[in-house]
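Residue numbers (my numbering), protein chains in the order written: chain A, 17 to 349; chain B, 17 to 349; chain C, 17 to 349.
Any given hint could turn out to be false.
Computed cross-link-like contacts, EDC-like style, restricted to lysine to aspartate or glutamate with a CA-CA straight-line distance of at most 20 angstroms [unchecked claim]:
| id | chain 1 | residue 1 | chain 2 | residue 2 |
| --- | --- | --- | --- | --- |
| 1 | A | Lys18 | A | Asp346 |
| 2 | B | Lys144 | A | Asp323 |
| 3 | A | Lys280 | B | Asp323 |
| 4 | B | Lys277 | C | Asp176 |
| 5 | A | Lys277 | B | Asp323 |
| 6 | C | Lys280 | A | Asp102 |
| 7 | A | Lys144 | C | Asp176 |
| 8 | C | Lys277 | A | Asp102 |
| 9 | B | Lys280 | C | Asp102 |
| 10 | B | Lys296 | B | Asp274 |
| 11 | C | Lys144 | B | Asp102 |
| 12 | C | Lys40 | C | Asp176 |
The hints are simulated quantities; they were obtained by calculation from the structure and are not laboratory data.
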Amino acid sequence: MKDFCDLADFSIEEVERLIIQANKLEQRSSMQMLQGKVLALLFLNPSLRTLTSFQASMIRLGGGTFVISPEMSIHGLETRSGVVMDGAAAEHIREAVPVIASYADAIGIRAIAPRNSLEDDLQDEYSKELRSLCDIPVLNLESSIRHPCQSLSDWKTLEDLSIPKQGGKFVFTWVYHPEALPLAIPGDTIHMAASRGMDVTVLRPDGFSLPKEIIDRAELAASLTGGSITQTNDRNNALEGAHIVYAGSWSSTTFYGDYPKDQKARGEYSDWCVDETWFKGITSDPCYFMHALPVRRGVEVEDHILDGARSVVVRQAQNRMFTQMSVLLDMLG
Amino acid sequence: MKDFCDLADFSIEEVERLIIQANKLEQRSSMQMLQGKVLALLFLNPSLRTLTSFQASMIRLGGGTFVISPEMSIHGLETRSGVVMDGAAAEHIREAVPVIASYADAIGIRAIAPRNSLEDDLQDEYSKELRSLCDIPVLNLESSIRHPCQSLSDWKTLEDLSIPKQGGKFVFTWVYHPEALPLAIPGDTIHMAASRGMDVTVLRPDGFSLPKEIIDRAELAASLTGGSITQTNDRNNALEGAHIVYAGSWSSTTFYGDYPKDQKARGEYSDWCVDETWFKGITSDPCYFMHALPVRRGVEVEDHILDGARSVVVRQAQNRMFTQMSVLLDMLG
Amino acid sequence: MKDFCDLADFSIEEVERLIIQANKLEQRSSMQMLQGKVLALLFLNPSLRTLTSFQASMIRLGGGTFVISPEMSIHGLETRSGVVMDGAAAEHIREAVPVIASYADAIGIRAIAPRNSLEDDLQDEYSKELRSLCDIPVLNLESSIRHPCQSLSDWKTLEDLSIPKQGGKFVFTWVYHPEALPLAIPGDTIHMAASRGMDVTVLRPDGFSLPKEIIDRAELAASLTGGSITQTNDRNNALEGAHIVYAGSWSSTTFYGDYPKDQKARGEYSDWCVDETWFKGITSDPCYFMHALPVRRGVEVEDHILDGARSVVVRQAQNRMFTQMSVLLDMLG
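Extracted from the complex, chain A is given alone in its bound form:
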């Protein structure tokens, strides 16, 4: 494996093999297959799960990690091209990234969407530029528009729960959040569910439709697997027969990058908070609740759901470690 930057770069057979390998790794207590190997972790945005799960993954495999963040350089890292560096930043990403990569066997990079321009974010230019600075395998730890580590982990979670592929109903619902969040999770998650052959419904208020580029990509995946993609604002129809309710929030796509207008638009839907009433009348049993975390309790979802039997959010997070170990083994083993 060269890079792991987009789950769509892999065939369904390859994804399934990675998950089977993750299942085997989950059963083993000691592994030293990556003895002395070094994974660099560059976080241009904060992280808790991704950081710690990769650190744990490499220790378990006998290697190790080092972490870089802009705060480590004097006054931060400059990222703009062609700039005269007479301001605060004392170091440019064009030296920092190749140098860091030269110490490591692979590098993971997190650079989430700047959320100023929808077009730019959909192009994922920033992530591609960072990737071009590295001559070692790159792991995408969340870019403007992809989060393959989360998607692979969620795929394994669906397998763990024996959720049907064909005929399985996967609802991704927008929920209220005080901030305008990126599109990487909803976009990559529905693509993952479609790639698995599921019937995917995106439930969201008006003004929050996922962009055509994201839907087209998911529909292409669905067309190859017998799945389907639907968008709706009708909660009852959406949830009817659902096996999975996956909650997440994202920026208004109508007012993308316009924070005051986005704030106003989302404020009208502050009652989009998942609680047990959402599951009334769902005939599938059990219907699980998923979320990529972090989650705001009482805002995105009520405590009784998160702490109840439907919730598999900790399992999702734990599967990050097993699936990442599987990817690392392919990449560096």
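The hints should help you fit chains B and C onto chain A, whose structure is shown.
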């Protein structure tokens, strides 16, 4: 071993076996008994010795650690139960802790006393709640009222120095410090010395008596080992015949949680700073000086003591590593 | 090897042996020679390359590191001697350093020049004091006046590029930088090039001559190897026949420690930014560009040089890892 959260959970024989094992580990140069094992370290308060000694311990045993602190999550970790998370914090400890635990083989947690209510701190509720979120072994890295890693290390230091058990005189003295510090170190230290069978004197100004709950617990330990517990404000009597003078500071127990009144009360005793005059007339020779660190030079104790022959503070700190390795080996080996 | 604090402590034969060992380590993919060994890294100033290259080095050799910085202690680490610690800092370096050292097999320390007094910085007192607190091998990660890890790495880079020793021309040029930087890099770099037998020219504006102590030390090295040291402000003469142009910036030595005057003095030379015109008429081919990083693009050097064929700055940085592994192997193997 399941958890290591209170030294009182272990019999004296068990403690002594842990120390003998620590002595053996101290002699060995290479050990890989915990190859590929992962220790999570959750610090809700800053740390230097505890953090680095656990990191070194796990490297020496062939495994590794990862560290989590509230700063790592976006805008910190929410800790209150049942709260609607529409403020700054984007993540709740109720997800963060189980997720972190799911990546690790054991977890160490530091959550020192909030110091608002004496009753609450004595109950150690916060630490128990955090512990209840983990289904892997938990190490207490200092809770409101316990610091078993420090106590086990100090016990080993007393053995290293061949301080008598029966008939050994152990003085824990309050010293001035500009801040109102927690009760975990004094409370756990006198319990440790009493468990070792020593005659313990708590030397402190009026208004700074250790609470009844702490004294009762130490007296119970003393009653089983032939030791004793005394509190006094009389320095000459207290130090007569002492083998150990252990210095530390704590909040006024009369004005616990009332910072302005505490500040005023402690300010009257700013001359409680250990110097060589304290040791005049002590017949036991040598009489060692102990402190759990960090220590404020010239405020809690004078430089000539810390840099002189009585001081074993670096030895105490180093024994943290050896005794923690011993605990980790029992827990994860 | 006891300490690695000054390249001048080693004979040229010893340096060359370390580089040959580094070359061998560069070729190997897995090494576990320092299994379970612990390197402490104390950074009193920020770091990116030094930190990550040492972390990677220890992982590759089978051991590990832990990192300490003043921010980790409550309100920072006190460094002054004899002070009454009634201010913010809760911990003194006189306890912190020996304790940290007691957990490790070796300790690396970064304490760059305070830049208040030229005389004090040239004496390197602060670094010597820190070193005196440790009873384990010490690695100098940049002191007031030495940076042996960078020098050893640069020496290897010159070997990698087959730059001639006798008759090789090495130009160290001052370049503009908005801040008054320390003398460690220029001073140690010209000493390294002289020790290698090269003809060294220091190119700098008036008011920025390197101090007599630094020149004398480099001249002594040159006298033993057949090299030479020249200082000039004449760019054309300096660059004629150069094999290497090594750029760096440093404080005005005329106004050392006087920041406003230094600022004014350096401001007059803001056009000292390396571009391709500097290399016109240089007959040696190729003439490489070196820099210890971090570098300010468009200020110290233009993008077309850094991104062009002359630049070996990433190679220099990567060699940090291989040469440090070589030193660690001698020190701890």
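Going through the hints against the structure:
About 9 angstroms separates the Cα atoms of lysine 18/A and aspartate 346/A, which keeps this hinted pair within 20 angstroms; it holds. The suggested pairing of lysine 144/B with aspartate 323/A holds, with an alpha-carbon distance near 18 angstroms, which does not exceed 20 angstroms. Distance hint between lysine 280/A and aspartate 323/B is unfulfilled; the C-alpha atoms sit about 63 angstroms from each other, more than 20 angstroms. A C-alpha spacing of about 68 angstroms is found between lysine 277/B and aspartate 176/C, which places the hinted pair above 20 angstroms, so the restraint is violated.
Restraint check for lysine 277/A and aspartate 323/B: the C-alpha separation of about 64 angstroms exceeds 20 angstroms, so the hint is violated. As the CA atoms of lysine 280/C and aspartate 102/A are separated by approximately 15 angstroms, the hinted pair is consistent with the 20 angstroms bound. Of the pairs offered as hints, the one joining lysine 144/A and aspartate 176/C is violated, with about 31 angstroms between alpha carbons and a cut-off of 20 angstroms exceeded. Only pairs whose Cα atoms come within 20 angstroms are accepted, and lysine 277/C paired with aspartate 102/A is accepted, the gap being roughly 19 angstroms.
Only pairs whose Cα atoms come within 20 angstroms are accepted, and lysine 280/B paired with aspartate 102/C is accepted, the gap being roughly 15 angstroms. Pair hint lysine 296/B plus aspartate 274/B does not hold up; C-alpha atoms about 36 angstroms apart against a cutoff of 20 angstroms. Taken as a hint, the lysine 144/C and aspartate 102/B pair is broken in the structure, with Cα atoms around 52 angstroms apart against an allowance of 20 angstroms. Distance restraint check for lysine 40/C and aspartate 176/C: the Cα-Cα separation of roughly 13 angstroms lies within the 20 angstroms cut-off, and the hinted pair is therefore satisfied.
Hints 3, 4, 5, 7, 10 and 11, counting from the list given before, are not met by this structure.
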